Structure formats: structure tokens, C-alpha cells
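Asker: Model the placement of chain U on the given structure of chain H, informed by the hints.
There are 2 protein chains.
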Amino acid sequence: MKILVQKFGGTSVENAEKMRRAAKRAIEAAKKGFGVVIVASARGQQTDVLVADAYELNPNPPKREMDQLLSTGEIQSVSLLAMALDSMGYKAISFTGAQIRMLTDSVHTKARIKSIDAERIHKQLNEGKIVVVAGFQGIDENENITTLGRGGSDTTAVALAAALGAKECEIYTDVDGVYTSDPRIFKKAVKLDQISYDEMLEMASLGAGVMHPRAVEFGKKYDVTIHVRSSSEQVDGTLIIHEVPQMEGLLVSGATIQKDLAKIGLLGIENVPGNAAKVFAHLAKHKVVVNDIIQTEVNPDKANLSFMINVSDLESAKQAIEEIKNEVNFENIFIREDIAEVSVVGVGMRTHYGVAEKMFGALADAKVNIDSITTSEIRISCAVDKDQAEKALEAVCMAFELDRPAKLRNKNS
Amino acid sequence: MKILVQKFGGTSVENAEKMRRAAKRAIEAAKKGFGVVIVASARGQQTDVLVADAYELNPNPPKREMDQLLSTGEIQSVSLLAMALDSMGYKAISFTGAQIRMLTDSVHTKARIKSIDAERIHKQLNEGKIVVVAGFQGIDENENITTLGRGGSDTTAVALAAALGAKECEIYTDVDGVYTSDPRIFKKAVKLDQISYDEMLEMASLGAGVMHPRAVEFGKKYDVTIHVRSSSEQVDGTLIIHEVPQMEGLLVSGATIQKDLAKIGLLGIENVPGNAAKVFAHLAKHKVVVNDIIQTEVNPDKANLSFMINVSDLESAKQAIEEIKNEVNFENIFIREDIAEVSVVGVGMRTHYGVAEKMFGALADAKVNIDSITTSEIRISCAVDKDQAEKALEAVCMAFELDRPAKLRNKNS
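For the protein sequence lines, the chains are H and U, in the order given. Sequential numbering of the first sequence, starting at 0, is according to numbering that gives the first Met the number 0. Sequential numbering of the second sequence, starting at 0, is according to numbering that gives the first Met the number 0.
Okay, chain H solo, but in the shape it has when bound (with noise of 0.2 Å):
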């Protein structure tokens, strides 16, 4: 039997309505031939609720407990499920973590799958039930029930299919698949109809929120179609693949912007090794995340040192430097609060060149300024003015055509 799993998140599910259009959706596939497993999230806003219930007991409630208490929102959408599928004439049968023993290390609230007992699921798919699986959550081997953190449905539902052998995980959500760039900033966006696992992976990392890095790496690991589509219109998505010949025709796939940032740069910092460690090793203790390190050399001993943050981690990171600034000797500091970041992320610039010049020259017809300036192999980016980021966006997405879909684009645009 071909397998299909299909992954409904918290707003696909947050009323009866929107369930039965769920369960309408597993039907179909059934009705195709498909043995159906659907992996849901908490309904709506459950998962909030539950942890403003837990906050109001205690300000730092113990991981296990946490993990104990938003498993039951996955929980209660899958019995639902369920229970919605049985009124339109459909066998199902919902499984909790625990239940098809998805095995993940005891790191509470960000576990990591080790395995999961396929058989049980394959037992009720033969025997020509809808399976429906609680999204988010697995156990330790300890019985403890564990959470895989932000994003976890998506990684329950692309486990699963790797699991189960399914070509394809349907990943539904309330936009209808993946977009050259965020439609709402720069408005003739176009849905993408296949972008690779590097490229995602590249654009989520910059805050293309719609399917989270882990699930993305398993799609890519264990070979996964990942399909995400809307929950609302019955229209093709965005399929998430591996590279293909085509893509490389194209220079880039897409465009993301990050606002909220800040730069720190650390002038005349003692350019000996180890120092840089330090300060990053400290920042960590802070829990400051950290981004685009840049480091350039202004003399034999002294180098000026810069990295982005997220403008809501700057206290933290002010006060981390304060307290090692004796330590790693340094000139002077530098802080731009201000800072937006507009990148583009294509697997075409393995092998074509020339999408720095393209993307600068951008930038420079819309008199945008370049602050700095990082790349990767399939990515540049660019930090600007937070006031010019829109405008920035708009310049780099019209140069590389991102408003027109691929096949319509020039050759090396």
C-alpha cells in the first residue's frame, strides 16, 4: 500500500469546522488508495493557554512537567480527528507518542526522534484505517513523555513518513506553499512549485517561517517529498526536493528579510587566538544567539570583530561583554540597533556567478547602503538600514525577477 502522511497545524484544526475539512482532506486520499496517517498539532491556541496555566503556577516549571501537560493538546486534536472521521463513515484510530513508541532522547522540550514503532501504524493502515498521530511529542525510555520543541508537528509528520516508507508528507497549513519572498512585504511574490531541502532550509534559518529546519534536514536525510499546501484551497503547493538539473537554471529561488537585528562590533579587538572564542563562549552562557560573524584584521595585533543579534537579546548581550571586556581587550564598542537583513538563497550560485554584482547593483539603484555584507555557498546577505529594508527587499526581488514564476523568468535571471 503507497502511504501518504499529511501533517495538519494548530489552525487547521481549530474548530469542528476546520476538523471535518481536515478529516475531508484524509478521506480523499483514502478514497485514492492512499493508507493515510495524518499527524496533528494542538487545536488553535490550546498550547498557549496550557502554558500561561503552567507559568501561573510556577515561573520556571520543571521541563517534564511542561512536556507532561502540552502533549494532551495534540492528544485531544487526534481523538477529535478521530472521532471526526468516524461520523463520515471512515475507521480511524488516533495514537498518542507514547502509543507507537516514538523514542527520543530525555532532552524535555527540544527531544530528538530515535525511533518509532512503525508496525503498529502499518497493523492499522492494513486493516483499512485512517491512522491519526499526536504531532509534537514522543517519549524517553524512562516512559517519560517529551516534546520536540518549536515546529515539532512537522518533524513527527516527516519522521513518519520517512518511517513508514511514504514518498510524500502533505505538510497543511494556512498559506498555500512557499514563496519567493514574504507576500507581506513584497506583494507580487509567486508561489514557488519546488524549491531544494538546502535552499528551505537557507530561507527558514532567515525566518521564512513555514516549515521548521528540523523537519526539513529529515525530508532531506531519509529522502521525503515534503508538500506544503493549503488547508483551505485545493490547490498544488510548494514540493520541497531534492536538487534537480532545473533549479540550477535559476540564480535564485527566493528572497527573505530579517528586521530586529542588532550589531555589536568590537574595535581593535587583540587579534590572539582563543580571544574571539571567548567572547562567543560567553555570550552563549547568556543565552544570546548569535549571527554573521564578521572578523577583519586592522593591524598585525588588533582586529575589528562584528555579529548579528536579535535586537530582543541586546541587554543580555551588553551585559555579557561588560563582564568579560577586561578579559578580551578591546578599543572600543560599537552598537547599531537598526539593522535589517535582506538575503538571497539559490542553488544556481554553485554554478553561476555573478549574483553578488546583480544583487549590489540592486541595492545600489535603489540607493539602499550596505552595511556589511555575509555569504554561504547558495546564499548572500546583505545587512541594511531597518528603515530602507522593505525598499531593499522589493530592489533584490525585482532584479532577480522574484516576481514572476520560473519557467516565465529570463535565462539567468
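Worth flagging that the hints you see were computed from the coordinates, not collected in a lab. Source: prediction; values computed, not measured.
If several chains are the same, the list does not tell them apart, and a pair holds so long as it fits within one copy or across any two.
Below, simulated EDC-like cross-link-like pairs (lysine to aspartate or glutamate); rule was C-alpha separation at most 16 Å, straight line: (1) K258 - E389; (2) K122 - E142; (3) K17 - E55; (4) K406 - E247.
Answerer: Then chain U, alone, in the frame of chain H:
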């Protein structure tokens, strides 16, 4: 280590303040040196909300899925209680029914307990933790979640006390104990210091809804003292225990009232073997619960057969009888919809006579007409006119001095 089980019902954990109060109770017991196990129900109206969610999707929800859904209410309570205990400086750990392997049969929505893994709880108690266990739920041999039905958390608590070798199980509730009669009707009712399991069982089945009969049966079978007490006031409640000699010094421990009864009489029914059985088998098929069956011979071939049912079952009962009237052959049917039943309960009846006489005398003095009488070894019940029910209860209570603590009553009252 001496172990104490404390059970908190839904109203006793319905908000953060009450949860903290419950946690304080547990901590007080832990400070006295007890190994404390808390059993909790779902918060306030949570279960009702979930039931409504289910029926919105399916008018006849599969029972397995209903159990899966409802079990989440108790899991939320216990993880939150563990957080509350943690915030008050006590180590705590919550367990689902599955985690302590509360093994039941597979009769969803009214499963029966088969065994409990006490080891896992002992281990946590020995590590100095307060253990918080989700009431009402278990798992069957295939790891399906089951629930124990109405009053199930009481049963969980008493069963856990038995499995852990605890001598006492405290049931915290919104009343402060078991009363000689319903204080809403007989205002002068007083709290009982103690009552025997058998008396409590009679009282419970007669509608004194303090404790679920199954929990009382468990206590009796495994010799667990049940202490019914107030979750808000620091006073002793009522101990449910094995019969002790001084109980026999009392004629009557309590009096109960059941309203909303109907009486059906089948007059001149053919008195041949199996005829009555046919009637009740057919009523059972229509899910009508029958009480107080009375049959009297009117001549060698005919008898009058009467029985009580709840008024809410009257239409089903009428239909059932209509369906078999040609088969069982009776001359006439007689229905009263305005019946109530007043009962007195006491193990003293086993050794004293004069209880019936005193009861009938009290009703006669109050000018209450007795429709019919039924008795068990420790109970006498009189059916009376519904309009006279409260007056009847008051008369009986006063006759047996149920307005006074046992030790202050006249001998043989």
C-alpha cells in the same frame, strides 16, 4: 515509609489558587513523614467541555477515542500540580495511567482495574518526591487508554492505596464528610465520624453522591480506610471503615431520599416460571434500570408485579412493556409518576429489632402514607408520595435522632 494517598476532585483543583491549596495539603503530610501520593481529577468543567467538543463532531463518538480524549483532563491537572509543588520547594513527579501501568480490561468508558505497577511509584517516593497520579484512567493490554467511568478518580485513589500498602486514602471534596442525611433537605443533619463500608455502599446506591460505590468496594476488599474530608477546611471528615462493635449500638447511621422515581405495577400477571424474567430482560434491553421489585400472589395463577424506575426512564419502560404485553399476559398496568423513596441505613439492624416499627410509626405520626416497603439486611425503604417526601425524611431523621452526633443519642435510637 508510611504512605498516604490524597485524592482531589475537579472542584478542588479548578484554578491555580485551589491547586496551591491542594499542594499545601500534600506538603503538610510529607512534613509529617508520609510518602505522599496525590490522585487528581480533571480541572473543574474541563471534562464537560471535552465531551461537548466530541459531540459537536460525532453524535456517537467511538468509546476508545472518547477515553483517549477525556484522559487529557487529568494529565493536565497532575502536571500542573507537580509544577505547583515544585514552586513551593518540593520535588514532585506526575504520572499518567499509562506511566504507572494502571492495567485495566478493555471496556472503554467503564474499565475495571486489573493491576498497578507500584514499583515505579515506590521508587519516586524513596527519592523523596511527592507523586501525582492522573485519576480515572488506565491502559489495556494493547496500550489503549481506558477510563474508569463516573467517580473513577475515587477508585484510582483507593486502588493505589491498596497497591501501595497505604492504610488510609483521603478523599478531598467540597463537603466536609458524610452526613446522617442530605443537609440540603434535612437541615439539622450532622456529620458522621465514621461509617461502615456496607452502610456507605447502601447510602451511595441510594443517591448520597459523596463516594463512588466502586471505590468503597475496593476499600472494603483491600482494607483501606477512606477519609472523606473538606479540601477547604482543616477539620476531620468521615472515616469509612470496617464495621466496629460500637456501630452496632446504633440502630441507624443515616437516612436518604430518592426523588424522581416512578412505579410500574403489572396487575394480574400470569404466575408461571420465567414470566417475570421476561419482563426484566426486556426492560434491560431498553436500558431501563429497575429497583425494588415486589411480587405478590393474588391467586394460585396470578400475581401482581411492581417495581421502581427513574422517571427519566418511564417512556422507555412503557414502550418495552407494550412490546411484550401479549407475551407475558397481564390484566392491567398501573403507573405512578409521583413516587419518592425514603430509606434508613444501619448495620445495627442486623442485631436490633424495632427499626421498622419506629420508622413506620414516625411516618404515621407525620401523616405520610406508605405506598410500599422494601428491605435489605441493613436498609429499610418506604415509597411515599413525592409531595410528602421531604416531610417524611424529616420525620424519620428526627425519630432516629439523626440531628445529633452518635454519642449523644439515646440508647437504642
